[in-house]
Amino acid sequence: MSLLLTIGFGPLATAIHNWVTASISNATGALATEMVIVGISLLLFLVPLCFFLGYMERRVAGFMQMRLGPNRVGPQGTLQIVADTVKLLLKEGLTPDASDKFLFNLAPIIVVVTSMLVLAPIAFAKDFQIWDISIGVLYMASVSSISVIGILMAGWSSNNKYSLLGAMRSGAQIVSYELSVGLSLITIVIFTGSLRMSDIVNSQADGWWIIKGHIPAIISFVIFVIASTAEINRAPFDLAEAEQELTAGFHTEYSGMKFAMFLLAEYINLFIVSAVAATLFLGGWMPFHIGHWEMFNHIMDFIPSSIWFMSKTFLIIFIIMQFRWTFPRLRVDQLLNLEWKYLLPISMFNILLVTVCAIMGWYF
Amino acid sequence: MSLLGEPELTEDGEFVINIGPQHPSTHGVLHLKVWLDGETIKKVQPHLGYIHRSIEKMSESLSYRNFIFATSRMDYLSAHINNEACALTVEKGLGIEAPPRAQAIRILMAELTRLSSHQLWWGCMGLDLGAVSPFFYGFRERESIMEVMEETCGARLTQNYMVPGGIMYDIHPNFQNRVKNVLKQIKENFKEYDDLLTGNVIFEGRTKGVGYLSPEDAISYGCTGPTARGSGVSCDVRKWFPYDGYDKLQFNEILETGGDCYARYMVRMAEMRQSVRIIEQMIDNIPEGDFQTKTKAVLKLPKGEFYQRVETARGELGVYIVSDGAASPYRIKYRSPNFSNLSALEHMAKGAKIGDLVAIMATIDLVIPDVDR
Amino acid sequence: MFIKDYIGTIYKSTVSLLKGMKLTGYYFTHPKKILTEEYPDNRATLKMADRFRGEVVMPHDDNNEHRCTGCQACEIACPNGTIKIITKQELQADGKKKKAIDAFVYHLELCTMCNLCVVACPSDAIVMAQTFEHSVYDKRQLKKTLNKPGSKIMEGVE
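Those protein sequence lines, which keep their order, are chains B, S and L. Okay, so the first sequence: first residue is -2 according to this note's numbering, each after it adds one. Okay, so the second sequence: first residue is 184 according to this note's numbering, each after it adds one. Okay, so the third sequence: first residue is 41 according to this note's numbering, each after it adds one.
In case anyone wonders, no lab produced these hints; they're calculated from the structure. One thing to keep in mind: the hints can contain errors.
[Claimed, not checked] Derived DSS-like pairs (lysine-lysine); straight-line CA-CA distance at most 27 Å:
#1 S:Lys370 x L:Lys73
#2 L:Lys72 x S:Lys367
#3 S:Lys367 x L:Lys52
#4 S:Lys363 x L:Lys44
#5 S:Lys391 x L:Lys52
#6 B:Lys158 x S:Lys216
#7 S:Lys422 x S:Lys363
#8 S:Lys240 x L:Lys124
#9 L:Lys192 x L:Lys137
#10 S:Lys536 x B:Lys338
#11 S:Lys374 x L:Lys52
#12 B:Lys158 x S:Lys226
#13 L:Lys72 x S:Lys374
#14 S:Lys422 x B:Lys338
#15 S:Lys516 x S:Lys483
#16 S:Lys363 x L:Lys87
#17 L:Lys124 x B:Lys338
#18 S:Lys240 x S:Lys516
#19 L:Lys87 x S:Lys374
#20 L:Lys128 x S:Lys374
#21 L:Lys188 x S:Lys367
#22 S:Lys370 x L:Lys72
#23 S:Lys370 x L:Lys52
#24 S:Lys363 x L:Lys124
#25 L:Lys59 x L:Lys73
#26 L:Lys128 x L:Lys87
#27 L:Lys124 x S:Lys483
#28 S:Lys391 x L:Lys62
Just need the whole structure built from these sequences, with the hints factored in.
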């Protein structure tokens, strides 16, 4: 496994591609087979990832609150989340009698599928990317906003008043925070001059954008983290769920597997926004390089690229988790105030700043 | 049609939701029927009685020694002070007074109870506003106070330590040292409270200007305790009608003039510091002597009516006993602070958002068994 | 100065938020501050306070003798009807009959641990025990007879 990590995933992907094209002569069939392989490996990656994120969240929360967190099932409680998943799988998936049954059952699927789609352009390691589309950043920004449809659908079809309120809040929230997320992404796009993820990562070979892009990059990084926390409905912006106000918000009526899917989507989204932030601002899989210090850069290259990517991503995941376990929740109007009165004007000003910086070449 | 028989939308296009009796933020089985216009609250109607246990009626068949234990279960967060109120009323009827040592211990216990109650409230306040961590930080100090209670009284929550004529038994030899350690810990941790909530911008936004209660309204709804003092109404029973020697102590009545959730929050935060001050004055000066006045085996109050009020952590608790000269009360009425404070909820919540309703409920610091009794 | 206020607000808010994060971060990095008691595991070291009220028990000495005279003061003192004392007439050595307890019935399921019975007892026959694991599957198991079978009243206790 360590060998695989150090040599990079490029040869592996090429080998699989050659093998598939050799065994299946039909081009469409070969493409379909590759898609299935990618899908299966994605699932094999995501489910343990979500298990781990769930475990991590509980442990982080526990330590921050002077508790231990789960420590009974399995070594150090690592299997607790597996036990919980098994429980959810075995539970009856209840569909309320007065609900719109088709939409009610469709909603969790939409939410999960949307969050999985966004994973496509993310570079997990060197040469390890599902789809290096030329409009990667744009694709992610646009596809991720589909998830609000799933949430609205869940809230509306449940025929529950709490769910409806939660869904409406979520709609207002995601639509507004989408703007700040987009604008802060554009900062890096202006610096790089490309929407392609691999270009963005490669452009950081001599230093990450958060260092190279100094003030504007830091501002947009902070804005991105805040706005994307809001976009994935996590505390302190978890108004759609708002346990103390709306019991469970849009997923009040969901149980069993359907509830598990919302949970899965939540953690995938958490991973995605952290991965995007890591890719755009912290160099993705790119090791920590400083300008032309050849020796230093060479030592850093010894650490496998996947480890670089994962450690950056988990750093941001940790920060977002710490938000959740520290801050009180905002009110609906304050949430929108924050976006329209603070984040958006600052983002716009930042775009101006970044453009000036890019034109004048005021970055490293 | 909803379960309660009203249509989903009223004729004015208002949306009716039932918050409670099983809801994460109602702190028990409070049922609020809320009329909404979007997120804005048009009307709130508390529905009571889910935890009515007829403590008043039950007390009529119990002797004057026995009825006290049930009051621990009313406002269970200030069980000690409830017990003290009952003991004081019976003492008033008998025309006796607790010995100085008992009075000092009563004050110490009452202030420790107030501290622990306010700490739980602080945790729940954070919890209601969506921050989970304060709950655990608040419980940490509360736990150390509970251990002091456990050591001296034998129970953590429903102590039943007060008896007519004094206290049930003397304090534990470790009591003074332990209380001093607890005070040290609490004083260190006040800073954390401020870091985590008081100064937090989100918290200030959620509480400042929310749930305004004017002094006139506070008086007309009969609000007492921190709820009224947050509106600038001076109503501390410990100052106005001192009992058990509170008049010999140096402490301030905390008044804030804001009238909003933040003012009520600040009152409670400052009250915790005042409680620490009272305990510090008393802890080394517990007078020697008896801890209980000798009383007859069967207590009989003379014919008449007796009323005693005390300041619990939530406001003024009044105990009203009508005696016909028998060994058990003819009628008992508790004037519980939460019931009056809850009645002001609708006034405060009108026009606010759902999130504000939760914040307002948190700053009234409701204990539902005290409302229903 | 709108811009100045605007930036001032942002600065102040950020500082207040970072303060909170510093606190949670401090506890995250100091696992020694964890307070959790891992309850069933720490049974051996768990010591309850010596005044803790767990349940009412009647201490017996080595000769299987207790101090209960059957005066029923505790039964009267109990607010919940938790205690029921069944007495019998026992024949003394000198031929006189004397009141003694047949069964001291204690309903743990009704008890509120208010300690009034212990205070009321004139001969210190009953005390509060520090046990607290009272869960059973059947309610009937909570009805206990406190005097052991064949036990007698101690000499000299009136």
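Query raised in the report: Is Lys370 of chain S close enough to Lys73 of chain L, meaning Cα to Cα at most 27 Å?
Result: holds (17 Å)
**Report entry** Satisfaction of hint between Lys52 of chain L and Lys370 of chain S, Cα-Cα up to 27 Å
**Finding:** Holds: Lys370 of chain S and Lys52 of chain L sit about 26 Å apart, inside 27 Å.
Report task. Below or equal to 27 Å on CA atoms is what counts here, so check Lys158 of chain B against Lys226 of chain S. Result -> Distance ~17 Å between Lys158 of chain B and Lys226 of chain S Cα, so the pair holds.
Query raised in the report: For the pair supplied as a hint, Lys367 of chain S and Lys52 of chain L, is the alpha-carbon distance within the 27 Å limit?
Result: Not OK: Lys367 of chain S and Lys52 of chain L at ~30 Å, beyond 27 Å, violated.
Query - Given pair status - Lys124 of chain L, Lys363 of chain S, alpha carbons within 27 Å - result: violated (43 Å)
Query raised in the report: Going straight from one Cα to the other, do Lys124 of chain L and Lys483 of chain S come out at no more than 27 Å?
Result: The hint holds at about 25 Å.
Query raised in the report: Are the Cα positions of Lys374 of chain S and Lys52 of chain L separated by 27 Å at most?
Result: holds (18 Å)
Query raised in the report: Taking 27 Å as the top limit, are the C-alpha atoms of Lys363 of chain S and Lys44 of chain L close enough?
Result: violated (47 Å)
Query raised in the report: Is the Cα-Cα distance between Lys188 of chain L and Lys367 of chain S 27 Å or less?
Result: Violated, at roughly 48 Å.
Query raised in the report: Taking only the CA atoms, is the gap from Lys124 of chain L to Lys338 of chain B under or equal to 27 Å?
Result: violated (72 Å)
Query raised in the report: Holds or violated: are the alpha carbons of Lys72 of chain L and Lys374 of chain S at most 27 Å from each other?
Result: Holds: Lys72 of chain L and Lys374 of chain S sit about 20 Å apart, inside 27 Å.
Requested in this report: Verify the proposed pairing of Lys128 of chain L with Lys374 of chain S, using a straight-line Cα cut of 27 Å.
Outcome: violated (64 Å)
Going through the hint list in order, the structure does not satisfy hints 3, 4, 14, 17, 19, 20, 21, 24 and 26.
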